[in-house]
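Protein chains: 2
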Amino acid sequence: MTVLEKINSPQDVKKLSIEEMNSLADDIRSAIINRVNTIGGHLGPDLGIAEAAIAMHYVFNSPEDKFVFDVSHQVYPHKMLTGRKHGFVDPSRFLEISGYSNPQESEHDHFVIGHTSTSVSLATGLAKARDLKNEKYNVIALIGDGSLSGGEAYEGFNNAAELDSNMIIIINDNEMSIAPNEGGLYKNLAELRNTNGQAVNNVFKAIGFDYYYVEEGNNVEALISAFEKVKDTNRPTVVHIHTLKGKGYEPAVLDKETYHWHIPGFLDKKTGDIAFETESYNSITKDFLLKKKQSGEPVVAITAATPGVFEFNPDFREKMGKNYTDVGIAEEHAIAYASGLAKNGAKPVLCLMSSFVQRTYDQMSQDLALNNSPATVLIYWGGISGADMTHLCTFDIPLISNIPNIVYLAPTSKEEYLAMLEWSYNQNEHPVFIRVPATELVSTGIEDNTDYSKLNKYKLVKKGEKAAIIAAGTFFALGEQVKQELKTQTGIDATLINPCYLTGVDEELLNELKKDHSLVITLEDGELDGGFGEKVTRFYGNSCMKVLNFGAKKEFTDRVPLEELYNRYHLTKELIVNDMKEVL
Amino acid sequence: MTVLEKINSPQDVKKLSIEEMNSLADDIRSAIINRVNTIGGHLGPDLGIAEAAIAMHYVFNSPEDKFVFDVSHQVYPHKMLTGRKHGFVDPSRFLEISGYSNPQESEHDHFVIGHTSTSVSLATGLAKARDLKNEKYNVIALIGDGSLSGGEAYEGFNNAAELDSNMIIIINDNEMSIAPNEGGLYKNLAELRNTNGQAVNNVFKAIGFDYYYVEEGNNVEALISAFEKVKDTNRPTVVHIHTLKGKGYEPAVLDKETYHWHIPGFLDKKTGDIAFETESYNSITKDFLLKKKQSGEPVVAITAATPGVFEFNPDFREKMGKNYTDVGIAEEHAIAYASGLAKNGAKPVLCLMSSFVQRTYDQMSQDLALNNSPATVLIYWGGISGADMTHLCTFDIPLISNIPNIVYLAPTSKEEYLAMLEWSYNQNEHPVFIRVPATELVSTGIEDNTDYSKLNKYKLVKKGEKAAIIAAGTFFALGEQVKQELKTQTGIDATLINPCYLTGVDEELLNELKKDHSLVITLEDGELDGGFGEKVTRFYGNSCMKVLNFGAKKEFTDRVPLEELYNRYHLTKELIVNDMKEVL
Numbered sequence: 052m053t054v055l056e057k058i059n060s061p062q063d064v065k066k067l068s069i070e071e072m073n074s075l076a077d078d079i080r081s082a083i084i085n086r087v088n089t090i091g092g093h094l095g096p097d098l099g100i101a102e103a104a105i106a107m108h109y110v111f112n113s114p115e116d117k118f119v120f121d122v123s124h125q126v127y128p129h130k131m132l133t134g135r136k137h138g139f140v141d142p143s144r145f146l147e148i149s150g151y152s153n154p155q156e157s158e159h160d161h162f163v164i165g166h167t168s169t170s171v172s173l174a175t176g177l178a179k180a181r182d183l184k185n186e187k188y189n190v191i192a193l194i195g196d197g198s199l200s201g202g203e204a205y206e207g208f209n210n211a212a213e214l215d216s217n218m219i220i221i222i223n224d225n226e227m228s229i230a231p232n233e234g235g236l237y238k239n240l241a242e243l244r245n246t247n248g249q250a251v252n253n254v255f256k257a258i259g260f261d262y263y264y265v266e267e268g269n270n271v272e273a274l275i276s277a278f279e280k281v282k283d284t285n286r287p288t289v290v291h292i293h294t295l296k297g298k299g300y301e302p303a304v305l306d307k308e309t310y311h312w313h314i315p316g317f318l319d320k321k322t323g324d325i326a327f328e329t330e331s332y333n334s335i336t337k338d339f340l341l342k343k344k345q346s347g348e349p350v351v352a353i354t355a356a357t358p359g360v361f362e363f364n365p366d367f368r369e370k371m372g373k374n375y376t377d378v379g380i381a382e383e384h385a386i387a388y389a390s391g392l393a394k395n396g397a398k399p400v401l402c403l404m405s406s407f408v409q410r411t412y413d414q415m416s417q418d419l420a421l422n423n424s425p426a427t428v429l430i431y432w433g434g435i436s437g438a439d440m441t442h443l444c445t446f447d448i449p450l451i452s453n454i455p456n457i458v459y460l461a462p463t464s465k466e467e468y469l470a471m472l473e474w475s476y477n478q479n480e481h482p483v484f485i486r487v488p489a490t491e492l493v494s495t496g497i498e499d500n501t502d503y504s505k506l507n508k509y510k511l512v513k514k515g516e517k518a519a520i521i522a523a524g525t526f527f528a529l530g531e532q533v534k535q536e537l538k539t540q541t542g543i544d545a546t547l548i549n550p551c552y553l554t555g556v557d558e559e560l561l562n563e564l565k566k567d568h569s570l571v572i573t574l575e576d577g578e579l580d581g582g583f584g585e586k587v588t589r590f591y592g593n594s595c596m597k598v599l600n601f602g603a604k605k606e607f608t609d610r611v612p613l614e615e616l617y618n619r620y621h622l623t624k625e626l627i628v629n630d631m632k633e634v635l
Numbered sequence: 052m053t054v055l056e057k058i059n060s061p062q063d064v065k066k067l068s069i070e071e072m073n074s075l076a077d078d079i080r081s082a083i084i085n086r087v088n089t090i091g092g093h094l095g096p097d098l099g100i101a102e103a104a105i106a107m108h109y110v111f112n113s114p115e116d117k118f119v120f121d122v123s124h125q126v127y128p129h130k131m132l133t134g135r136k137h138g139f140v141d142p143s144r145f146l147e148i149s150g151y152s153n154p155q156e157s158e159h160d161h162f163v164i165g166h167t168s169t170s171v172s173l174a175t176g177l178a179k180a181r182d183l184k185n186e187k188y189n190v191i192a193l194i195g196d197g198s199l200s201g202g203e204a205y206e207g208f209n210n211a212a213e214l215d216s217n218m219i220i221i222i223n224d225n226e227m228s229i230a231p232n233e234g235g236l237y238k239n240l241a242e243l244r245n246t247n248g249q250a251v252n253n254v255f256k257a258i259g260f261d262y263y264y265v266e267e268g269n270n271v272e273a274l275i276s277a278f279e280k281v282k283d284t285n286r287p288t289v290v291h292i293h294t295l296k297g298k299g300y301e302p303a304v305l306d307k308e309t310y311h312w313h314i315p316g317f318l319d320k321k322t323g324d325i326a327f328e329t330e331s332y333n334s335i336t337k338d339f340l341l342k343k344k345q346s347g348e349p350v351v352a353i354t355a356a357t358p359g360v361f362e363f364n365p366d367f368r369e370k371m372g373k374n375y376t377d378v379g380i381a382e383e384h385a386i387a388y389a390s391g392l393a394k395n396g397a398k399p400v401l402c403l404m405s406s407f408v409q410r411t412y413d414q415m416s417q418d419l420a421l422n423n424s425p426a427t428v429l430i431y432w433g434g435i436s437g438a439d440m441t442h443l444c445t446f447d448i449p450l451i452s453n454i455p456n457i458v459y460l461a462p463t464s465k466e467e468y469l470a471m472l473e474w475s476y477n478q479n480e481h482p483v484f485i486r487v488p489a490t491e492l493v494s495t496g497i498e499d500n501t502d503y504s505k506l507n508k509y510k511l512v513k514k515g516e517k518a519a520i521i522a523a524g525t526f527f528a529l530g531e532q533v534k535q536e537l538k539t540q541t542g543i544d545a546t547l548i549n550p551c552y553l554t555g556v557d558e559e560l561l562n563e564l565k566k567d568h569s570l571v572i573t574l575e576d577g578e579l580d581g582g583f584g585e586k587v588t589r590f591y592g593n594s595c596m597k598v599l600n601f602g603a604k605k606e607f608t609d610r611v612p613l614e615e616l617y618n619r620y621h622l623t624k625e626l627i628v629n630d631m632k633e634v635l
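Residue numbers (the numbering used here), protein chains in the order written: chain A, 52 to 635; chain B, 52 to 635.
Read the hints as simulated data drawn from the structure, not as lab findings. Be aware that a few hints might be false.
Any copy will do: because identical chains look the same in the list, a pair fits if it lies in one copy or spans two.
30 Å max Cα-Cα, derived DSBU-like pairs, lysine-lysine [unchecked claim]:
(1) K510 / K604
(2) K238 / K280
(3) K538 / K510
(4) K280 / K373
(5) K184 / K343
(6) K565 / K517
(7) K517 / K187
(8) K566 / K373
(9) K343 / K465
(10) K65 / K465
(11) K565 / K604
(12) K632 / K517
(13) K513 / K343
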């Protein structure tokens, strides 16, 4: 019987000897590797935090004492210790347990968390509420070193330092963000590690925290000793623990970036490298950037700590050299930085994942759009997906497209994407966003010579009659299917339009349609509320044109299969044509 | 002849003696006081920075050397030294020069800036572009101590520290934000001031900056000496200068908060206090909060460094005691903190200005809405205005109302507002936002007993026929006028609806209207794109109902009089009725 088999709640952890806890850490790691190898997930950070999670549950009393796990990349061991080990040891039940902190699953989780740098702020709220109600217990935020570069984390630290009561922040320092850490703060963390926490420079002490350092962050005894020292403190306190990311799985220790998060099946492979040999939207983007760099142009490829999303691997980063900036987890700064670069004649191309661009509304509006800085921002993974509710990419069109001055483009093919990218890169008038298709590469084989400086000029792909289909970006292919299906079912030869622009309507073309069309439908791969289609509908409000908008409902979905969502939202050719027939 | 009269460009500053520069500082202060007393504006921070601006232009060579002024609260002296003194000495030309940094005005301004904590990020972009192009000059960001609490500032510092080249950050430490500073960082700034910059704890050194301290931040000679030391440095460098906010105008020194920004006419008054004796939306909000506090409830009134917007004066803050939190300039943290408070049984009421809530989209979505934390967020000043382009409050409806789970309410009267506030405060299901009317108090005299837990239930105020007017929030009064005008002009007795909710449509009522109405109009005090009206229009897309949406165009406007905007957007009863008649 493994030790993990005996653990059904934190109470069981408290009965263990040190030796048993060490075995438990190994059991936990085996389970993590098994789960991630089967369904994918966060590997390196969870492997490194097993001992700390055990020590936390040994010393503190969850759920009375409250743990908040930043970004949830380190939450698996905690889940296994709080009645959810079946999600890690029983393959048939893996999918019952999400990869993120979730109060629906357990009273030991207090928030749904999936974006970084939020734990200290959330925990400060818990602590303040506790104090106002005159309750007594510990509030503990666990935050990785990578998450420390985010502005919200800093704001939280700054405010937590003013609490005149118990607040414990455990910094899990494994010397890595998703990719290597970037930023001045990390020099200080290194200095602290190198001096066993004794360095004179100490940002945490400087802003008012008590500070403890644990060099052996994978040693249960050392951790228990440190946590016991700070338990029931009445001061804002930082416990800085130095852990080994990937501990227990050698490839993950040697290549921390590749194994931070991994798709299933890595145990069968010799190395962690995944070769991407076929052409993709990622590969052509990288080729574009490298070519600019090699021509000596002042291009700057920018990421905010997630180079893997764009396949900006170490080789690419090395080739880009000074023309590559990873700003760390700092999307706000990334946008303002891009604005500064563009204003001073450089050519920034900022790559952000749809879910994370949410961090930057004000910077997009004020730093970028108000200044009309001609930066290029590439939005990846935009669209409806079956992802965890913390990582939905459904909202970027409403978020971005209602900001004045921004041009948001939705390419439908490789050729269109490259033409848009080239135009955006060379122009000096607008901040331009491009929604990089989150699909396999679609190639028309025909070079795109469109002049994209004529804003909001839609492409009339096929002129028909009665019904018009305006199909944006990745849903253009669906538009083609709908056209075909409608023809088959009704004989109607519909007009097909590729709008290209998500930020405005082509009034001339839409007016033209009034002549021989009675129905216009819009298709967009994202939330309907505040999105693209509503702009078209509003345009036709004073006319007899009927308009149906197809896209996602305003809701957070959680790991709902894409097919189910498409059915729910009527995003199949059959369901769309049915809806059209009702109106026609 | 004053010294200021001789200054037409920075070149003229370089010719001055120290004595003349001291006179110039006094001239500048007189001009600031005169301008602000005439048209309003930022007083305290500009008075304190006169010497520093002079020394900056004496030592550096703008525009080759590039200055970026954070939030622009300290930009007046710089404007006077760069060919724009007429905007400060000639009352007939005051309005030609904005209160914010603006490249349209001068080559010495590089960005439009009006939100805080952005200068370091923007300047880092300028510096990086310079380096890529192998150019040589100084990039200087000036940032106030108050702005240092914002996450974007921290992200910028963290990244700037990695620059291997010239980057100078002048921290203008006047010991005040708009209100007193909050947060652990300020303990460190105090420690540095108290030790003449020699304290062991030094956040700036800790993250990798060279650091210089100037105690006499209003002494031109001391400043020149410091700036000459760091000029042409090839290292990221902080110059921390200690200035006197309000220098030269005693009331502004004694009451720094009141005179941070001031409306015109203060010179005629004995003190800076402005008495607000009449009942207002601000006063009833404060009464509500105080009553909860006095009943011993765990209410927490939260602001992000702008208590003045809500008239949270020192007296109110003192009475609220531990039930009041000013998180500093940290809107992101404010939202997450409120979520934590709500989850742990406290009753957070977070007050934010419409323009600044833009900082928090991701936190509203992830920290708050995804967790369904029942916090109350009050949005102030929402609506179309003649403000500077950096402070528009036109965008909060598209920003907030398309986030799932959030309920956004638009009260039309005192009674409705208090009923909504009471409901929001007591319920435990939803994050609730309320758009506090930015108008004088409207009282119906009739208590509002609506059950707001019935989401998206619109109020049918007056049943009529043919046309229906859905008039939201502060535009409800306009709706009443339109109804009257339509009746007068056409005899049509239109239906009048108060939607109350900005986040959804009342399908039952909208369907009902189809029976005997052929036109529905929506009125909203904000941007049309992505806003409230489009939801109504989309609902009617498959029907014969015509829908006209009235609101603001998607654009940044800059100090355009409200009347002109209302005409531009057809937001007068006459223009609306004209548009209706064309369709009816």
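Against the structure, the hints:
no. : hint        : in the structure
1   : K510 / K604 : both (27 Å within a copy, 24 Å between copies)
2   : K238 / K280 : both (27 Å within a copy, 25 Å between copies)
3   : K538 / K510 : within (21 Å within a copy, 44 Å between copies)
4   : K280 / K373 : between (45 Å within a copy, 28 Å between copies)
5   : K184 / K343 : between (60 Å within a copy, 14 Å between copies)
6   : K565 / K517 : both (9 Å within a copy, 24 Å between copies)
7   : K517 / K187 : neither (69 Å within a copy, 62 Å between copies)
8   : K566 / K373 : neither (55 Å within a copy, 66 Å between copies)
9   : K343 / K465 : within (18 Å within a copy, 60 Å between copies)
10  : K65 / K465  : neither (58 Å within a copy, 56 Å between copies)
11  : K565 / K604 : both (28 Å within a copy, 24 Å between copies)
12  : K632 / K517 : both (11 Å within a copy, 28 Å between copies)
13  : K513 / K343 : neither (35 Å within a copy, 64 Å between copies)
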